[in-house]
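> Heads up: the protein sequence lines correspond to chains E and P, in order. In terms of the working numbering, the first sequence opens at residue 1 and continues consecutively. In terms of the working numbering, the second sequence opens at residue 1 and continues consecutively.
Please keep in mind that the hints were generated in silico from the structure rather than gathered at the bench. Treat the hints with caution; some may be incorrect.
Identical chains blur together in the list; that is why a pair holds if it fits in one copy or across any two.
Simulated pairs of lysine-lysine, DSBU-like, Cα-Cα distance not exceeding 30 Å [unchecked claim]: (1) Lys215 - Lys331; (2) Lys47 - Lys5; (3) Lys393 - Lys36; (4) Lys336 - Lys396; (5) Lys243 - Lys215; (6) Lys36 - Lys4.
There are 2 protein chains.
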Amino acid sequence: MIEKKIIKSLRDIVGKDSVYTENSDRITHSYDATQKSYLPDVVVYAKSAEQVSEIVKIANSHSIPILARGAGSGFTGGTLPVQGGIVLVLTQMNRILCIDTDNLIAVVEPGVVTSELQREVEKLGLFYPPDPASKDFCTLGGNVAECAGGPRCVKYGVTKDYILGLRVVTASGEIIRTGGRTLKNVVGYDLTKLFVGSEGTLGIVTEIVLKLLPKPEAKKTMLVQFETIDGAARAVADIVRAKIVPTTLEFLDAATIGCIRDISPVPLPDECKAVLIIEVDGDREVIEKQAARIMDIIQPLGILDTRIASTTEESEEIWDVRRKVSPSLRKVNPDKFNEDIVVPRSKIPEMISTLEGLSEKYGLPIVNFGHAGDGNIHVNVMVDLAEVGMQEKVDKVMEEIFHSAVALEGSISGEHGIGISKMDYLGMEVDNATVGYMRRIKSAFDPNNILNPGKIFQSTEP
Amino acid sequence: MIEKKIIKSLRDIVGKDSVYTENSDRITHSYDATQKSYLPDVVVYAKSAEQVSEIVKIANSHSIPILARGAGSGFTGGTLPVQGGIVLVLTQMNRILCIDTDNLIAVVEPGVVTSELQREVEKLGLFYPPDPASKDFCTLGGNVAECAGGPRCVKYGVTKDYILGLRVVTASGEIIRTGGRTLKNVVGYDLTKLFVGSEGTLGIVTEIVLKLLPKPEAKKTMLVQFETIDGAARAVADIVRAKIVPTTLEFLDAATIGCIRDISPVPLPDECKAVLIIEVDGDREVIEKQAARIMDIIQPLGILDTRIASTTEESEEIWDVRRKVSPSLRKVNPDKFNEDIVVPRSKIPEMISTLEGLSEKYGLPIVNFGHAGDGNIHVNVMVDLAEVGMQEKVDKVMEEIFHSAVALEGSISGEHGIGISKMDYLGMEVDNATVGYMRRIKSAFDPNNILNPGKIFQSTEP
Numbered sequence: 001m002i003e004k005k006i007i008k009s010l011r012d013i014v015g016k017d018s019v020y021t022e023n024s025d026r027i028t029h030s031y032d033a034t035q036k037s038y039l040p041d042v043v044v045y046a047k048s049a050e051q052v053s054e055i056v057k058i059a060n061s062h063s064i065p066i067l068a069r070g071a072g073s074g075f076t077g078g079t080l081p082v083q084g085g086i087v088l089v090l091t092q093m094n095r096i097l098c099i100d101t102d103n104l105i106a107v108v109e110p111g112v113v114t115s116e117l118q119r120e121v122e123k124l125g126l127f128y129p130p131d132p133a134s135k136d137f138c139t140l141g142g143n144v145a146e147c148a149g150g151p152r153c154v155k156y157g158v159t160k161d162y163i164l165g166l167r168v169v170t171a172s173g174e175i176i177r178t179g180g181r182t183l184k185n186v187v188g189y190d191l192t193k194l195f196v197g198s199e200g201t202l203g204i205v206t207e208i209v210l211k212l213l214p215k216p217e218a219k220k221t222m223l224v225q226f227e228t229i230d231g232a233a234r235a236v237a238d239i240v241r242a243k244i245v246p247t248t249l250e251f252l253d254a255a256t257i258g259c260i261r262d263i264s265p266v267p268l269p270d271e272c273k274a275v276l277i278i279e280v281d282g283d284r285e286v287i288e289k290q291a292a293r294i295m296d297i298i299q300p301l302g303i304l305d306t307r308i309a310s311t312t313e314e315s316e317e318i319w320d321v322r323r324k325v326s327p328s329l330r331k332v333n334p335d336k337f338n339e340d341i342v343v344p345r346s347k348i349p350e351m352i353s354t355l356e357g358l359s360e361k362y363g364l365p366i367v368n369f370g371h372a373g374d375g376n377i378h379v380n381v382m383v384d385l386a387e388v389g390m391q392e393k394v395d396k397v398m399e400e401i402f403h404s405a406v407a408l409e410g411s412i413s414g415e416h417g418i419g420i421s422k423m424d425y426l427g428m429e430v431d432n433a434t435v436g437y438m439r440r441i442k443s444a445f446d447p448n449n450i451l452n453p454g455k456i457f458q459s460t461e462p
Numbered sequence: 001m002i003e004k005k006i007i008k009s010l011r012d013i014v015g016k017d018s019v020y021t022e023n024s025d026r027i028t029h030s031y032d033a034t035q036k037s038y039l040p041d042v043v044v045y046a047k048s049a050e051q052v053s054e055i056v057k058i059a060n061s062h063s064i065p066i067l068a069r070g071a072g073s074g075f076t077g078g079t080l081p082v083q084g085g086i087v088l089v090l091t092q093m094n095r096i097l098c099i100d101t102d103n104l105i106a107v108v109e110p111g112v113v114t115s116e117l118q119r120e121v122e123k124l125g126l127f128y129p130p131d132p133a134s135k136d137f138c139t140l141g142g143n144v145a146e147c148a149g150g151p152r153c154v155k156y157g158v159t160k161d162y163i164l165g166l167r168v169v170t171a172s173g174e175i176i177r178t179g180g181r182t183l184k185n186v187v188g189y190d191l192t193k194l195f196v197g198s199e200g201t202l203g204i205v206t207e208i209v210l211k212l213l214p215k216p217e218a219k220k221t222m223l224v225q226f227e228t229i230d231g232a233a234r235a236v237a238d239i240v241r242a243k244i245v246p247t248t249l250e251f252l253d254a255a256t257i258g259c260i261r262d263i264s265p266v267p268l269p270d271e272c273k274a275v276l277i278i279e280v281d282g283d284r285e286v287i288e289k290q291a292a293r294i295m296d297i298i299q300p301l302g303i304l305d306t307r308i309a310s311t312t313e314e315s316e317e318i319w320d321v322r323r324k325v326s327p328s329l330r331k332v333n334p335d336k337f338n339e340d341i342v343v344p345r346s347k348i349p350e351m352i353s354t355l356e357g358l359s360e361k362y363g364l365p366i367v368n369f370g371h372a373g374d375g376n377i378h379v380n381v382m383v384d385l386a387e388v389g390m391q392e393k394v395d396k397v398m399e400e401i402f403h404s405a406v407a408l409e410g411s412i413s414g415e416h417g418i419g420i421s422k423m424d425y426l427g428m429e430v431d432n433a434t435v436g437y438m439r440r441i442k443s444a445f446d447p448n449n450i451l452n453p454g455k456i457f458q459s460t461e462p
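Chain E on its own, in the form it takes in the complex (with noise of 0.2 Å):
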C-alpha cells in the first residue's frame, strides 16, 4: 500500500479529480488484452511531461513501481501493474500538437489514438502507415512503447522507422528530449530508437516526432482463395522472390477460415484451406501492372477463387473477412494463447508445417493468420484450461513453437514485445552476454528499477 501522505502529493500535482484509489477504478486499470489482471496501488491520469515528470519523481524517490498506460490494448503485460504502484494513465494527453505538411511530421502526445492521426494526416494527403489492428482505440504511446507493427509494415516498416525525435521522463524525473525533426541525426547516441520498443521500461515518453509520408495515389485489394494452405505459403515466397513488395500480404490458414465461414461477407466453400489478402498501393498505373504480376505468379499454386476490389466499398468487405477473425477464434475454444513469430518469409511453409505437426502431435487446434508478407505469423492455441492438465500441455506446445521459430532464423515476437508474456523465453532467442547489456542498460536508466518492473527480463539483477 502506498502512504496517505504520498497519495496527497500526487493530488497536490494532478488534481483531486485525477487520482483514484477506489478498488473499482483500481480494478479497471488492472487489465489489458492479456486477461491478465494486477491491481495498481492507484491510478493517476496526467496532462502534461511536467506532471509526469512530477509524479515520477515522487516514485522515484519512494521505490514505488510506474508505469504509463494508455489503451492498454498490449497483447504481452505491457501495461500490467504486476508489482503494484502507480498506473499512470496518459489517455488525456491526446493532442496532436502539430502536421507539419512542409517537413512530413507531426507531433504528438502519447495518448493520441493512431488511428485519428492517421485521419487527420489523411486529410492533408499525407500518411502514417503503421497499422496495428487494435488501430482504432489503442495509442500512439502504447504503439512507440511495444513498436507496433501491422499488416502495412510489410512495404512501409513498423512504429521505430517512423519515431524522428522523442519527449520522455526518465526514471529521475528528468525531462529529456531526443532525436529531432530531421531525417537526418547522427548527434551522439540514438536514445530515440532505444526508448522505441523498450515497454516504458527505460522513461515516459510525453511527446512524439512522427515522420509522414505522402498518401499513396490509389490501391488494389485482392482475396485469393487457395485448395492448400501449401500453396498460399509458397505465393508468398514467390512474390517477394518475384522482386514484388506488396503493402499487404495477409493469411488465413484452414482453422481460420473455419471460424469466420459463417460470418464471412466473402463466401468461403469448404475446399477453400487458406486466404491471402494482398493489397498493392501507389501510383495507379504501377498497382495495376503489379497486381497482373502478382497474379500470373500465383496462378499455379491451386487458386479456387479470387476477388479483386474495384470500389472502396469492396476493398472494405474484403477487409472485413479479416477483421472478422479475432472475434471469432473462441468459437473453436474459450482459451486463446495468441502468439506472434516470425521467420524470414521464405521459411513460411516449414513454420507452417511445424505448426500442423504441433497441432497434431499435441491434438490442440492452432489456428494460424497474420503478416505473412514478412514472416509475422499470429500462432492461436486455441483451448479449454477448465479441462485437467491444460495450462501445462499449452506451456509445452508454446516452448516447441518458439523452438521452432528461432531454429529457423526468426524471432519469437515481432510486433507484441516480451512484457510478462514471453519473459521465459527471452533466452531462447537472446544469448546471455546480449541480455545482460539489456540489462546494463536498464540499470543505467532506472537504477531503482520503478519504471515497470517485472517486465521483459526474469529479474531485475544484472
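Fit chain P to the given chain E structure using the hints.
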C-alpha cells in the same frame, strides 16, 4: 608505448605479418579524411570475430585504447587514435557472406566496400540504397559506425534503416548478436540501432545483416539551373510540399558552381547561381509522371536551363557535375572546413540566407552544396590557415553556423557523426541530461573506456 609482451600476444593471435609497429606503418594508419593525424602505438589487421575478441580482451585487461578502422574516409575523426593504442584494421574481413534473394537480406563482414555490395546485389535485381559520396572506397563497417547517408537518403533513409542485425565484439571481448534476419523483431531493447552511429565507442562490429530492396525499374536524372539560390531553395520546399519524394534532390550554390565551371561536363553560365540535380526512380510510367510534375512545380522559380538525361550515359554526365565538386573546392582557398548540418527541409531558404550573411559578416568564402531533399547541407568554409587569426575566425563562424541550424530545429550533423570535430558543439543540440544518459550507456558498455576513447563526449566522466 605498449609493452613488448603485449605486442607478442597480438602477434600470437593474428600472426606476425598482421601486427605493425614500424613508424611508417603507424603513420599510414594515423589519418582520416579530416586530415588530422594521431599516431597509434600498434596497427593490427584482424581476420575474424574471434581474433577481434581476443585482441579486445588484451586491450581491456591492460586498459589500452583500441579502435576499429575501415577505409578511414570519415569526416569527423572517428578513426583517429587520439589517445594512441591499437588501431584494429578490419579491411581484410571483407567477405559478402550471403545475399538471400528470397528474404531480401545480405550478410556481410565490416570490411566490404559499400559499392561492391551494391554491385553484387544489383546483379541479382536487388538494391542497397545508402550511398555516401565515398561509397567506392568506404566500408560498410564504417557506414554502420557513423550511420552514413548520401543523396538517395531523401527517399530511402540512412544506413540505420537497413541494418537488421549485428554481430559485435564488446569491450570485454564478448561476441554478442543483436537483432536478427527478420524485418520485425521486438525482443528486448534494440541494441542494433544503438550500435549503429555509435562511432565505434560501444563495440566493434564484425558481421552485419542488411535489408535489401527490389531494384527500381528505372530512374530519371535532371539538372536544373536557377537564376537565384532562393529559386532553387524554394524549388526544394515546393517539391516536398507537393508531396513528391524524389530519390535525390542535390543542390549546388553559386560558389560551388564557380569552383567547377571550367571542368563541368554540363556548361554552367555565369548567370546560373544555383543548380539542382533531381533524380526520381521507380516504375517507368511513374517516373515520367513525377518528372513532369516536378517541372511544372519549379517552372515559375526562375529557371535558366534544364537538362533531362535520357540515357545512362547522360545521367552519369549529370552526376559527374556533382562528383567534380569536392575535388574542386580547394581552388577557393587551401583549407576546407566541411560540416554537414541539417535543417527541416522547408527551412533551407532561411538557412542558405543565414549562411550568405555569415560569409559576408566574416569575409570568408562559404561554399554550400548537399542533400537539399532532406535538409542536409554540406557547408564548406574555405580559408587559408596561414593567415594570422584565421583558425579563431573559422571557429567563430562555425559556432554561429551550428547555432543557426539548431535554432531552425535542425541538427549539427546529418551523416558524418560527432567524432572529435563536433565534440565541442554536442551540448548545443543535446541537453545535458540527455548527454548524461548517453554517457551512462558508454560506461555500461565500456567501463574501462577502451573503445575509441576521446570521441563524441568531451570527457569520459559521466
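> Treating 30 Å as the Cα threshold, decide for Lys36 and Lys4: within, between, both or neither.
within (28 Å within a copy, 62 Å between copies)
> Checking Lys393 and Lys36: alpha-carbon separation at most 30 Å within a copy, between copies, both or neither?
within (19 Å within a copy, 64 Å between copies)
> As a check of your reading, is Lys243 near Lys215 (CA-CA no more than 30 Å) within one copy, between copies, both or neither?
both (22 Å within a copy, 8 Å between copies)
> Up to 30 Å between alpha-carbons, please classify Lys215 paired with Lys331: within, between, both or neither.
Close neither inside one copy (38 Å) nor across copies (45 Å); limit 30 Å.
> One pair to classify: Lys336 and Lys396, alpha carbons no more than 30 Å apart. Within, between, both, or neither?
Only inside one copy: Lys336 and Lys396 sit 15 Å apart there, 65 Å across copies, limit 30 Å.
> Given a CA cutoff of 30 Å, do Lys47 and Lys5 count as a within-copy pair, a between-copy pair, both, or neither?
within (21 Å within a copy, 62 Å between copies)
Consistency with the previously given hints fails for number 1 only.
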